[in-house]
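If you read the protein sequences in the order shown, they are chains A and B. Under numbering that gives the first Met the number 0, the residue at position 151 of the first sequence is numbered 150, and the numbers go up by one with no gaps. Under numbering that gives the first Met the number 0, the residue at position 2 of the second sequence is numbered 1, and the numbers go up by one with no gaps.
If you're looking for bench data, these hints aren't it; they were derived computationally from the structure. Ideal Cβ placement from N, Cα and C applies to all residues, glycine included. Some hints here could point you the wrong way.
Unchecked claim - Some chain B residues judged to face chain A by a derived CB distance under 8 Å, without partners named:
1. Gln154
2. Asp193
3. Glu196
4. Thr200
5. Leu201
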Amino acid sequence: MSIRVENLRKNFGTFAAVDDVSFEVESGSLVALLGPSGSGKSTILRILAGLESPDSGRVWFDGKEATTVHARSRAIGFVFQHYALFRHLTVAQNIAFGLDVRGVEKGVSAARVGELLELVGLAGLGGRYPSQLSGGQRQRVALARALAPAPRLLLLDEPFGAVDAKVREELRQWLRKLHDEVGVTSIFVTHDQDEAFSVSDRVLVIHKGRLEQLGSPSEILDEPATEFVARFVGEVNVFPAHAAGGLATVGALESEIQHGPADGPIQFVVRSYDLKFWREDPGVATVERIVTLGDRVRVHANLDGAGPLVAQFPRRSSLLRGIDVGCRIQVQVTTGRAYPSQPPLAGGP
Amino acid sequence: MRKLDRLPLIEGPAVRAAPLSMTPTAPQRVRRERALGKVALLLVVTGYLAFVLLAPLGALLVATWNLGVAEVVAAISEPLALDALYTSAVLVACAVAVNAVIGTFGAIAFVRHRFFGRGIISAMCDLPLAVSPVMIGLSFILLVGRGGVLDPLLQAIGLKIVFTFWGILLGTLFVTLPFTVREVAYVLEEIGTDEEEAATTLGASPWQTFFRVTLPNVRVALGYGLLMAAARTLGEFGAVLVLGGSISGQTQTATTFIHDAIEERHLSGAYGMAVLLALCSVGLLLSLEWMKERQAAARHRSRSVTEDEVTT
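Start from the sequences and build out the full structure, keeping to the hints where you can.
What follows is the structure, encoded as structure tokens:
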């Protein structure tokens, strides 16, 4: 099902949870709503589900307006952050719930439950109660329950937030696979950028109730549209700087601006992997610390007149040759972005 | 070792005298003195409980036995005694039925909806626990009795409340109001709205959600609240006396029967009814305990769901 959202607004008291958000989602895609906690992404999801009604704005499902359609008539599946399984019902009864309330025949619903248990890899556990399952298993039951009535749209609220790191990774891969098998349009909310990038086709970055950017994972990584996105996604260095004629002056370093305003006060943003170092005396910076992170190495340096600077290199990179703690280095920015200067943003990862 | 020596300090003056030096005998001495303290505490507590709870009940049983079981049974088999018992039973049935409905929907209204005056009304629910039932009876008489504010209205529809069954029912409903509302509201608050929202997104209507999700989740709490309301109904005296007047065969309940029997020195009736009420109470208490265990189990179940989220 394709989705179109127009100028969505929702206030809680004086707090603008969703502030003029518009976007479209293609049928059959898997989309992530990414943002720090409290950014309004869950509220958007709940508005799509019909659990929350917007103060203004419209929601369209497959070209038909759904803004005022009741949650129970929207034919959506919703997976709650804490699963919200019915604790007094067995796994099979949980999954059958959406079929039972619609008066689906017992035999038909039992067959469907068996199918879904198979699909989520829980065959044989239909008689258990939710309390007898692990977190990952409960998550799968919640998914199976949401999928049982064959929803046109699957909404997942922080689906992997409540399980540990290892299970989370497994579930992500599994969700992607499941989505490709079932093909239902899916939107999930997450505050974890790795999750958003590794699972979804498109990512919507939400901040303070506003849509900052909508794009494919690589678009968002490579071409962050706003300073917030640049800061939120990946490891970055941000320097207040002055631009003149396409050159930014950051302490002792003068660097070309690849994207953004060429003149005036700017925030100069450089990803940790968009830097080159080499040993040079006097140079512009001093290496302070070198941290090994598995297959990558992070170098902390202090840029004269500008402060701390973080760079990442592949562990075997030739750029690391000769770089030691305490040595002087020359720095080159391979991709530098400028964003118009504005008051420092609160929040972030 | 040092820690072990210091621990008993918390327990009381008797132990504080134990030397802090690490002489070989110290641990045994500390242990013995601690054991003594424990025995003393247990004696005091059980002695007090026995005096307050068991002794009166024992006295009642002995007195009843001395009167002769046959005579006592005969006394409470008299028509007037049976009438009083019947009235009490009907009161219990009515109170349970009304509280089941009001308690459940009242709790849902308080917890799930926001409306004007919600806080005040919610606080008022506890009023019956705080004020004397006799005072409440009096207030109701001023309201619905002869010359009361609602008297013209009641006369117009031909309904008499004071000194009728309706009066004692009104008093009973008032004093039993808090139990189910409080119990159910507490559980609703704890469970949250996730499961109800899940049911809605799965296509359930409000009634389906209520019967399939909400009600099963609160049924233990509801049962517990209803048992407490039933116990309170059986034991209520002040409000039913003031509002009902304890008219034999009409508004006399088991408790007011005992009161009247004592006044008339009809001891076998008083003792018999008292023992019967005590037996009912014991039965209700046992059911309450059983309910509590089920509730604890249910709560444990719900808690294990949230705890495991972190650990698994």
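Results of checking the hints against the structure:
Here the hint on B:Gln154 is broken, as its CB sits about 48 Å from the closest CB of chain A, past 8 Å. A distance limit of 8 Å between C-beta atoms decides the matter here; for B:Asp193 the minimum to chain A is near 4 Å, and the interface restraint holds. The beta carbon of B:Glu196 is positioned within 8 Å of a beta carbon in chain A (closest approach about 6 Å), and the interface hint is therefore held. Interface hint status for B:Thr200: upheld, as the beta-carbon distance to the closest one in chain A is roughly 4 Å, under 8 Å.
With a cut of 8 Å, the hint placing B:Leu201 at the interface with chain A holds, because the nearest CB-to-CB distance is about 4 Å.
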